[in-house]
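As a plain string of letters, each chain reads:
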Amino acid sequence: MSQFLQATIYGLLQGGLLALIAVGFSLVWGVMNVVNLAHGSFVILGAYVGWKLNSAMGLDPFLGMLVAAVVLFAVGYVLQRWLINLVINGPIFITLLLTFGLDLLIVQGMNIVFSADYRSINTSYAGDSLALGSVRVPVGRLLAFVIALVVTFALVALVNRTRTGLSIMATGMDRGAARLMGIRARHAYALTFAIAAALAGMAGTMVGTVGTFNPAAAGGYTLLSFVIAVLGGLGNMYGALVGGLLIGLVEAWGGQYLPGTWVNALAFAVLVLVLVFRPSGLVGRAYYAARQEV
Amino acid sequence: MSSEARTEDAEAIERAATGRSAREPAWRRWLPFGLLLLGVLVMLGLQSQLYSGQERTVSAIFMFVALAQGWNIIGGFTGYASFGQVVFFGIGGYFTAVAMSHWGFNFWVSLVVSGLVSAAFGALIGLPLLRLKGHYFAIATLGVAEGMREVVTNVPQLTGGGAGISVPTVGKDATTHYLGNDGFYLLYLLVAALSVLVSILVARNKFGFALRAIHQDEDAAAAMGVNTTRAKVSAFALSGLVTGLVGSTYAFQQVTIFPERLFDVDITVLMVVMVVIGGSGTVLGPLLGAVALQFLSEYLRRNFTEVHTFILGAIIIAAVVLLPQGAVNYVREARQSGEWSLLANVRRYRL
Amino acid sequence: MRSKSKSLSLVAVVAATTLVAAGCGSKGEKTAGSGGGSGTLTIGASMSLTGALAREGALTKEGYELCQDKVNAKGGADVGGKKVKLDIKFQDDTSKPDTAAQLVDQFNDQGVKLILSSYGSANTEAQASVIERNGQVMADSAGADNKIFEKGYKRTFAVLSPATEYAASIIKSIKELAQPQPKTIAILSADDGFSKTVAEGGAAAAKEAGYTVLPTQLFPNGTSDVSSALTKIKGDKPDVIIGSVHLVEGVAIIKQAKELGVVPSGGFGETVAPPTPDFAKTLGKDAENVLGSSQWTDSTKGSDKYFGTAKDYAKDITAKYGHAPDYHDAEASAACLALVLAAEKAGSTDADKVRDALAGLDTESFFGHIKFNDKGQNVYKPMSVIQVQNGKAVTVWPTDSAEAKMIWPGTKQ
Amino acid sequence: MTATPVLETRGLGRRFGGLKAVDDVSFSVPEGQVLGVIGPNGAGKSTFINLVTGHIRPTSGQVLIEGRDLTGAKPWSIAHAGVSRTFQIVKPFRGMSVRENVAVGILYGRKATSRMSQALEQADEVLAEVGLSRLGDRAPGGLSVADARRLEFAKALALRPRLLLLDEVMAGLRHSEIEPSLELIKSLKERGLTIIVVEHVMKAILAISDQVLVLHQGKVLTAGEPRSVLSDPRVIEAYLGQRYVQRREEGRS
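As you go down the protein sequences, you meet chains A, B, C and D in turn.
Going by the numbering used here, the first sequence opens with residue 2, and the numbers climb by one from there.
Going by the numbering used here, the second sequence opens with residue 14, and the numbers climb by one from there.
Going by the numbering used here, the third sequence opens with residue 356, and the numbers climb by one from there.
Going by the numbering used here, the fourth sequence opens with residue 66, and the numbers climb by one from there.
In isolation and in its complexed conformation, chain A is listed as follows (with noise of 0.2 Å):
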């Protein structure tokens, strides 16, 4: 019993952290239907930033993941006003190319300035856990968890109630009508890449605080940024948020569970049962559901 308490908690932390990595990778999706592969090497590139602002001037990561994510930000809206605009209007196979090289040329980069070497950000309280009962809670996910869940809320905030926000909506929804209303489309987009970015660079902050990260690690957390966006509806931000703490429930019940590391399947599996049988996803239906190019 004591056992699934423990796999369950820990599922749950995890879950909130992935939602986060998630979260602006659905936006992207949905509004841009962009699906960027180069998301999980904004993920590691916040990671380094964290690391380094640690390692060099000592900064707390949850201070430093702040900074990471103004980097990302800048970093995405470059590339996309500049880079990913050029080809938004292509078939689907140039926009995963194109941010497929990206994410070759980053995770090279990142290999070539810090190595190949494994980092983790130490500080002294992320490794400690309270106890509940026989149930451990370990500090550092705790945070990052909580963390993830405010940022998350705050970013639907921002996309439902701010003025920005809605010119996101309006342009995702309908590009020709956003331009009459005045919205200029090219820097929405921009601003849309670089706030998932930015979501993906706070997140990678805390992976590198409560784990370990190497640049071979990026594509990881864009295979489950896939899985997670399409199981809570691309584009729907709480569908994210679902998904991510589905996807962690299932891993480590998976992980406690099956035999051998079967897990790894359960997570595609979910995925293309979803795809099948519910493709706008478990949350709802996805914002943008409409946009699937059939």
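Warning: the hint list may mix true and false statements.
[Stated by the list, open to error] Part of the chain C face toward chain A, derived, beta carbon under 10 Å:
| id | residue |
| --- | --- |
| 1 | 406 |
| 2 | 565 |
| 3 | 569 |
| 4 | 573 |
| 5 | 580 |
| 6 | 611 |
| 7 | 616 |
| 8 | 633 |
| 9 | 641 |
| 10 | 643 |
| 11 | 644 |
[What the hints assert, rightly or not] Negatives, chain D to chain B, calculated, CB over 12 Å:
| id | residue |
| --- | --- |
| 12 | 85 |
| 13 | 95 |
| 14 | 120 |
| 15 | 133 |
| 16 | 242 |
| 17 | 253 |
| 18 | 275 |
| 19 | 281 |
| 20 | 282 |
| 21 | 298 |
Note that these hints are calculated values from the structure, not bench results.
Values in this document were obtained by computation on a predicted structure and should not be read as measured data.
Quick reminder that beta carbons are idealized off the backbone N, C-alpha and C, glycines included.
The hints should help you fit chains B, C and D onto chain A, whose structure is shown.
Showing chains B, C and D alone in chain A's frame:
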């Protein structure tokens, strides 16, 4: 989407140029086949010029020609971007390895059966997945491929799991003796030629018409009597067949294979890159793309040992931005419109 | 249609010409690069400089480079009475077995018959079969999986102790030194071939030593989340947790064991993770007292004419690369050394002669005793067991080369 | 009349969530007749066509083609049963030449051939019928609105249909362009084709329909002989509006 439409128009001008009139002279109908034959002969002649290791390098080019052509059937002609295409490569490879090491099949039987098994698998997953469009199909197939890798990893008694599986190639339990670089050069050449042949046939026969129609407008195709479900599934199975044959050959050549490599998403991506850079939906594009990209990456690897993937990434980005429609289509359009400037070309997909 | 066919023929021609060109190109190389007789001893090395194994690949390259420097500093290797400079050709196999194998073939074209292995068992295994076919010779610096040596290959020689020793040596050290003696041992392992072999070796040794061994728990190779494996064994309260891991999973086990409150009464042992400096760097104080096994430490016994002792070697690495030596460095240098010594012994760079010389090689070195059994494994060199003490990995076993006493129990309750 | 109608629907209906796009539509078209279908936007005209041609599955009712129950059959089966249609928004295969566009229908239609050259020849014949011969090699992307609509026609005819459903083939055409398509429809009728015309252009409806069916909010408002239907006050009120009546009055005096 209107944007889609705009891009299609561009392709239209080009493809219409190839629109055959009813009164096509016989010799022209046979030309592509003749050229294919010529190409094969040239490659056979070339073999004598190569060292054993270069044969292997060139074999790798043949391999990717076949892989690119395989992807082009579903991704290029039919317009369904399969991002899990490597699953057929893996299944073909593992079926061959398992059949040869556990069930005493000889290679040639395994080769054929592996192809058929991959095709069957394509049909099987095609039925549900081909109802999905665009990114959804892309990601569903990706999921299948990644999942299949884990499955293979988790049945070690059959596949050797993460430790890999070895095909017996020497001694008494070798069902077929190892072919050596000479043999594999010929085998890969055969497979590549076969894939091009399939591609030529698809491009010009009734079936190809159906696929192109589906690519352009699935509703209209159905309304004109095309059984779109059957056509799509057949296309997926056919591309699975080609890809599976390559996987089988690869497994025998490698002797020992591992799940990470046989289901490596990079292989899928390479297929797509080659087709897109060469020109999707054409026979020539994938051929050109595969040859060009293989030469390029080989050259980079030899001369920029440390940073070659970095450079490759940059080149892919440049290619995608400058030649989004692929070299072949770009040249055709330019011929039609007389507009050769790449910058003008960039405008096509720009926001 | 027309444009299609035209360009199709074009391709055929282009391809043909370029290929022929390539052919001629490397014909040139052949005369230039071929080792036999000429003033240089040419060795081909396919490295994992990019891709998943980039980190280990880079270290291996350091080891090969240092070997080249050292030998050439002495004016080169003494082959058949004349000094020949060592010339190692590096190529990147992008961590992919097929490319690694292809590179061996390409070296063969250029007349390069002496090969230094890539990193990791998968790559090495792929290379070994080609080596065998081409009649080349390979010194294996990092492919330790016993599977490679069960195939009857006659031309691949591994300087390192076989995989089965990695965990087993830790068990042996505990059996010999630990007080109080543990009862239950849990083994966690990554799911790649090498790690599994290591785990099997460990389990066997533990049973032999009379410990209760829990069923081995697997997790994905390269994962940074091993929580489920830990949660599974938590209930059984093992006294020792042995991880058959690489650095990343090793770090994860310690981090997450702490998070999950999994505290073995005895301690942790984690094969190759603790010896790498990053381990202590990454985990800080949590790394204290974790046991690890290493192919080599700077207190390994023995010396040779090129590298001197292990201590000298450590100095040289630190001087040249600005970091403490990693056992990957040493493995690589040792493999290179073995080839050089064999060539000298054979008095020739001819592949067959060098192969026979390697088979008969029996020498001391900074890496310890180098001698191969008929399978090509170096079973005569014991592995060292180290323990992280005050942030530094110190040798605690075998006792004759120990720098410090084993701290036991390694964990504070 | 005893002869089985080419098309008959019984209580045909389709609901999207709460909305009944088409609701309990029953009627039949006898061989060789032209049926005009009119109704305000959103009356369910296009949905109705999609139900008949199998692009949308009905949630209730039946579709019978020459007596065979083909309810919920796939579009291609319907096509093979001899029913072909045009799309309100033209759907040319942009990757192919005009000729190849038509050839698809010949290769996969009711009297399918698989000989490519033969198919392309027949395609040229069909293009001739609709007056597109000169454009056979062109790309559909470059066609004028009128020619694009002709291409839709040609693609539908390529199937050698017995029943032809025309979804607003005259929308967006100039008066000068409407005449020829009317002529075309008439000539097809003379060849014994049964035709259903969905139109807004009243002039066209009056000119060619034997019967007119009025859809309103998915239901059949009324059906019958064109002039009587068009003067039916409910129809005028629901759809045509007063201005149309006034114009007719003026026209009389």
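Hint by hint, here is what the structure shows:
1. Annotation: residue 406 of chain C was flagged as interfacial toward chain A, and the flag holds, the nearest CB pair being 7 Å apart, inside 10 Å.
2. The interface hint given for residue 565 of chain C is violated, since its Cβ lies 28 Å from the closest Cβ of chain A, which is over the 10 Å cut-off.
3. For residue 569 of chain C, the interface hint is violated, the least distance from its beta-carbon to any beta-carbon of chain A being 14 Å, above 10 Å.
4. Because the closest C-beta pair between residue 573 of chain C and chain A is about 6 Å apart, less than 10 Å, the hint holds.
5. Of the supplied interface hints, the one on residue 580 of chain C holds, with its beta-carbon coming within about 7 Å of a beta-carbon of chain A, less than 10 Å.
6. The beta carbon of residue 611 of chain C is positioned within 10 Å of a beta carbon in chain A (closest approach about 8 Å), and the interface hint is therefore held.
7. Interface restraint check for residue 616 of chain C: the shortest CB-CB distance to chain A comes to about 4 Å, inside 10 Å, so the restraint holds.
8. A cut of 10 Å between beta carbons decides the hint on residue 633 of chain C: the least distance to chain A is about 6 Å, and the hint holds.
9. Checking residue 641 of chain C against chain A: minimum C-beta separation of about 6 Å stays under 10 Å; hint holds.
10. At its closest, the beta carbon of residue 643 of chain C sits 13 Å from a beta carbon of chain A; the interface hint therefore is violated under the 10 Å criterion.
11. Because the smallest distance between the Cβ of residue 644 of chain C and any Cβ of chain A comes to about 16 Å, over 10 Å, the interface hint for this residue is violated.
12. Every CB of chain B lies more than 12 Å from the CB of residue 85 of chain D, the least distance being 23 Å, so the non-interface label holds.
13. For residue 95 of chain D, the shortest C-beta to C-beta distance to chain B comes to about 24 Å, beyond the 12 Å cut-off, and the non-interface label holds.
14. Distance check on residue 120 of chain D: its Cβ comes as close as 6 Å (rounded) to a Cβ of chain B, failing to clear the 12 Å threshold; non-interface status is violated.
15. The beta carbon of residue 133 of chain D is kept farther than 12 Å from every beta carbon of chain B, the shortest such distance being approximately 16 Å.
16. Every Cβ of chain B is farther than 12 Å from the Cβ of residue 242 of chain D; the closest lies at roughly 22 Å, confirming the non-interface assignment.
17. For residue 253 of chain D, the condition that its CB be more than 12 Å from all CB atoms of chain B holds, with the nearest at approximately 18 Å.
18. Every C-beta of chain B lies more than 12 Å from that of residue 275 of chain D, the closest at about 25 Å, which supports listing it as non-interface.
19. Every C-beta of chain B lies more than 12 Å from that of residue 281 of chain D, the closest at about 26 Å, which supports listing it as non-interface.
20. Its beta-carbon lying about 25 Å from the closest one in chain B, residue 282 of chain D satisfies the requirement of being farther than 12 Å from that chain.
21. For residue 298 of chain D, the non-interface assignment is confirmed: its Cβ lies about 37 Å from the closest Cβ of chain B, beyond the 12 Å cut-off.
Violated hints, listed in ascending order, are 2, 3, 10, 11 and 14; each of the other numbered hints is respected by the structure.
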